[in-house]
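A.B. asks: What follows is each chain in one-letter form.
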Amino acid sequence: MNDVTYFPGCSLHGTAREYDESFRGVAKLLDIALHELEDWTCCGSTSAHSTDEALAVALPVRNLRIAGRHDRDMIVPCVACYSRFKAAEAGAKEHPEYLETPYEPKVAVRYALDYFCEPARSEQMRAKVVKPLAGLKVACYYGCLAVRPPELTGVARYENPEHMDRLLGLLGAETVDWSYKTDCCGASLTMTRTDIVVELTGRIVAMAREAGADCIVTGCSMCHANLDTRQTALAAKGGGEPLPVFYFTELMGLAMGHPEVKTWISRHVTDPKRLLAKKGLL
Amino acid sequence: MGTSESAEHPNSEFIREVAAVSGVDIRPCYQCQKCSAGCPVSGAMDLLPNQVIRQIQYGRREKVLASRSIWVCASCQTCSVRCPNAIDFARVMDGLRHLAMHSEVSPAEKEIPLFHRAFLDSIRSTGRVHELSLIMRFKLKTRGFLKDASLGWEMFRRGKIKVLPPGTTGGNEVKAIFDACEKGAGQ
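Read top to bottom, the protein sequences are chains A and B. When the first sequence is numbered by our numbering, its final residue is 281 and no position is left out of the sequence of numbers. When the second sequence is numbered by our numbering, its final residue is 188 and no position is left out of the sequence of numbers.
It is worth saying that the hints were derived from the structure and are not from the lab. Among the hints, erroneous ones may be present.
Unchecked claim - Short derived list, chain A residues pointing at chain B, Cβ under 7 Å:
| # | residue |
| --- | --- |
| 1 | G13 |
| 2 | D38 |
| 3 | S46 |
| 4 | D51 |
| 5 | S178 |
| 6 | D182 |
| 7 | C183 |
| 8 | G185 |
Note that the coordinates shown come from a computational prediction; the quantities given were computed from them, not determined experimentally. Cβ atoms here follow ideal geometry from the backbone N, Cα and C, with glycine treated the same way.
Produce the complete structure using the sequences and hints provided.
C.D. replies: Shown next, in the form of structure tokens:
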């Protein structure tokens with residue numbers, strides 16, 4: 000049993016509920032014991048770093064201090080939270096004056112995708128595959144924060160990352176080569192400049208479709224929300240058949256035979272059930 | 002862009018203010034425009050990223066802070082990682098938004114700063130963002146009650162919308178963090 004601290008973040012307790020459920024589901028299958036960080040609070044997200052750098056350091060550091068009480072790594076599936084933790088670690092060093100008391104880093108913060116991509120863990124996952132995703136053509140969509148900036152993420156190939164592609168390959172899926180892997184979906188502009196998000200997600204979906212993908216896979220709750228929910232607007236603009244959008248953890252669960260996959264994916268606005276049924280995977 | 006400004010004397014005051022608020026020195030910029038070429042939201046900008054830098058170099062504080070560009074920037078950081086002079090322009094944009102929020106300049110994008118305020122108010126009140134409360138706060142500010150109403154319903158019936166806000170005990174500590182940051186900003 001591998002014990003880790005789990006930081007869900009606000010969206011996994013809300014609109015990204017299926018990311019939380021599928022992350023917990025696959026962790027269990029891989030004998031990873033998740034201990035949800037006690038009394039966690041918001042990382043500040045885009046709104047804090049967009050407007051107040053001190054707040055953008057102090058809010059995540061509160062959680063890092065709590066996580067540092069335990070001798071465990073902290074795994075973060077929400078890449079926006081993860082990015083704020085990494086930026087806050089650097090910010091606390093650069094600007095100790097942002098904090099009332101000094102911060103001593105004591106916890107290793109890991110993004111869930113990177114964690115599952117480690118060779119030993121992905122090998123463990125491969126060994127548990129009972130339903131290979133044969134015939135499923137996926138476009139791995141990394142978005143922004145899973146790769147940028149490389150000084151914080153440690154991803155060397157940030158313009159053309161392939162680690163998620165390798166993970167999906169181990170699950171038996173066929174990954175397509177495409178050039179929109181790390182293009183932005185518009186993120187939090189979805190509430191305010193929906194038109195921009197519709198345009199950006201439209202390009203991403205169109206390019207995934209052109210590359211021959213049946214679906215898109217992501218590890219970011221903002222990317223998922225935008226790609227999953229803004230396709231109605233795309234279809235209305237003549238964007239073609241909607242492409243289902245999965246969290247990578249949902250496809251891990253599907254390939255490893257988790258019994259609750261149907262519940263997870265029933266929460267998507269762009270229905271993926273027909274595609275999976277057509278491929279004989281559901 | 003730039004040549005028509007050449008008769009004007011550059012002014013370093015705003016460059017220094019931007020460096021102080023963002024920690025980024027924009028002087029190494031040689032206007033290669035790589036930032037603007039890769040920017041996914043450049044189509045919605047009134048000043049392209051390289052033009053924002055040019056305007057900062059010319060000391061045009063009000064023009065930059067009143068621009069649409071600083072708000073539609075999605076913080077994707079493509080500009081920062083591609084800059085041949087290692088200028089972290091995404092961070093410059095953060096600094097410019099900070100300056101705009103604390104200035105008298107009327108923002109070109111009304112809703113985006115209102116959204117950030119609603120988001121931060123939401124964190125301040127409960128320690129976490131409860132999405133439904135955030136949406137209500139935002140809609141009260143913008144009066145856009147009908148926008149995305151049917152999408153909201155679609156998400157609700159799929160169990161994605163939590164009705165009740167979380168009860169957290171870290172909320173008071175979070176309020177203290179906000180108070181401390183406000184005090185710091187006032188100094």
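A.B. asks: Each hint needs a verdict: does it hold in this structure or not?
C.D. replies: Hint check results:
A hinted interface residue such as G13(A) counts as satisfied when its beta carbon comes closer than 7 Å to some beta carbon of chain B; here the least separation is about 4 Å, so the hint holds. Taking 7 Å as the C-beta contact cut-off toward chain B, the hint placing D38(A) at the interface holds, the least distance being around 5 Å. For S46(A), the interface hint holds, since its Cβ comes within 7 Å of a Cβ in chain B; the closest pair sits about 4 Å apart. For D51(A), the interface hint holds, the least distance from its beta-carbon to any beta-carbon of chain B being 6 Å, beneath 7 Å.
Using the Cβ-Cβ criterion of 7 Å, the hint placing S178(A) at the interface with chain B is not satisfied: the shortest such distance is roughly 12 Å. Contact between D182(A) and chain B, as hinted, is supported at the beta carbon level, the nearest pair being about 6 Å apart and thus within 7 Å. Proximity of C183(A) to chain B holds as hinted, the smallest CB-CB distance being about 4 Å (cut-off 7 Å). About 6 Å separates the beta-carbon of G185(A) from the nearest beta-carbon of chain B, less than 7 Å, and the hint is met.
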